[in-house]
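Add chain B to chain A, keeping to what the hints say.
So the sequence lines, in the order shown, correspond to chains A and B. The first sequence begins at 22 in the working numbering and counts up one residue at a time. The second sequence begins at -4 in the working numbering and counts up one residue at a time.
The set of hints was computed from the structure by calculation and includes no laboratory data. A quick note: this is a predicted structure, and the numbers were derived from the prediction, not measured.
Taking lysine-lysine pairs in the DSSO-like style, the calculated list, with each CA pair at most 30 Å apart, reads:
no. : chain 1 : residue 1 : chain 2 : residue 2
1   : B       : Lys78     : B       : Lys89
2   : A       : Lys185    : B       : Lys78
3   : A       : Lys185    : B       : Lys89
4   : A       : Lys92     : A       : Lys185
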Amino acid sequence: MNWKRASIAVLAAAPLIALFAYGFSRDPAEIPSPLPGHAAPNFTLTVFAPGDGPLMQPLGDTVRLGELVGKVVVVNFWASWCGPCRSEHATLSETARQYAGRPARFIGVLYNDSAASATQWIGEMGGQSYPALLDPGALTAIDYGVYGVPETFIVDATGRIAYKQVGPVSANILHQWIDSLLPNATAAGTVPRTRVP
Amino acid sequence: MRYAALATVAVAVATCVAAPARAQDVAAPSRPSATTTTASDSALEAQTTAVASTLRCPVCQGESIQDSPSDLARQMRIVVRDKLRAGNTPDQVKAYFVSKYGEWILLDPTMTGLNILLYVIPVLLVVGGLALIAILVRRWTAPETTTQ
Chain A
22 MNWKRASIAV LAAAPLIALF AYGFSRDPAE IPSPLPGHAA PNFTLTVFAP
72 GDGPLMQPLG DTVRLGELVG KVVVVNFWAS WCGPCRSEHA TLSETARQYA
122 GRPARFIGVL YNDSAASATQ WIGEMGGQSY PALLDPGALT AIDYGVYGVP
172 ETFIVDATGR IAYKQVGPVS ANILHQWIDS LLPNATAAGT VPRTRVP
Chain B
-4 MRYAALATVA VAVATCVAAP ARAQDVAAPS RPSATTTTAS DSALEAQTTA
46 VASTLRCPVC QGESIQDSPS DLARQMRIVV RDKLRAGNTP DQVKAYFVSK
96 YGEWILLDPT MTGLNILLYV IPVLLVVGGL ALIAILVRRW TAPETTTQ
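Chain A on its own, in the form it takes in the complex:
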């Protein structure tokens, strides 16, 4: 065996293998977000689906993120045409119910969809505990760097984005983040993941 040639081949192949290893270890469809750790873009949006129970907000009301300082806010971008949104809907609705009465708010923001389709979808899904808002022109979605749905942002009590979830969010993630960010969280509350710079 020609050791010189073999060494050259190995040296030449090493960067290629490293490149492929890097490429295959990440989701090529995911766009790394610069937003976690920064102030959440403010928005003023109108309620088109009021929600039910204690979290209900009247139809036509406006929701201003800036007025929710002091609360942990879960902002979920979704659409009725989005398949994965179905799988997370019950989780979001149930988790929102569990945090009713605590300083946490859940908000759904409709992404490139009509209020009629979305309202019908909510009915088909058995209702939604928290209000859903219209985002004409997807201006808020763009402000949040949204590129698909579902995407969920968890905003801490100071108005800073603590976490961004691309794809369906789990109850575990919601509980871990909300519990760690609630204003009266104890020192034992730890931030579960390291997306915050």
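Frame of chain A; chain B shown alone:
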């Protein structure tokens, strides 16, 4: 040498593989809503086109938001136009999108930090490939020496 050449070509191919995005909500492209066109409108449209051509569509495969027919690209073009109309400079508009989507949104990454490698590596690969070809051609065309 043959292994090295193969590896060089493979690295070049891998470098060219663009990261695909999640494609959805494709719709027909929009047109400017203005019914009358003035010189300033034309200038604004030209500036919008120029800026939109530099921004990557988040839901497409390697297309700018200017070229993409998707809903999101159309809405992003409107944001570009509105920000320019509001007095933002093209660089400020690009900076806004970078602050939301990161450097990924720029079709031509800025020449800073590790991004410099994106510009340098292809040049090095081309130079290395040409050198390799030159060496191989010289070797193949060299007269064979006979030992007797």
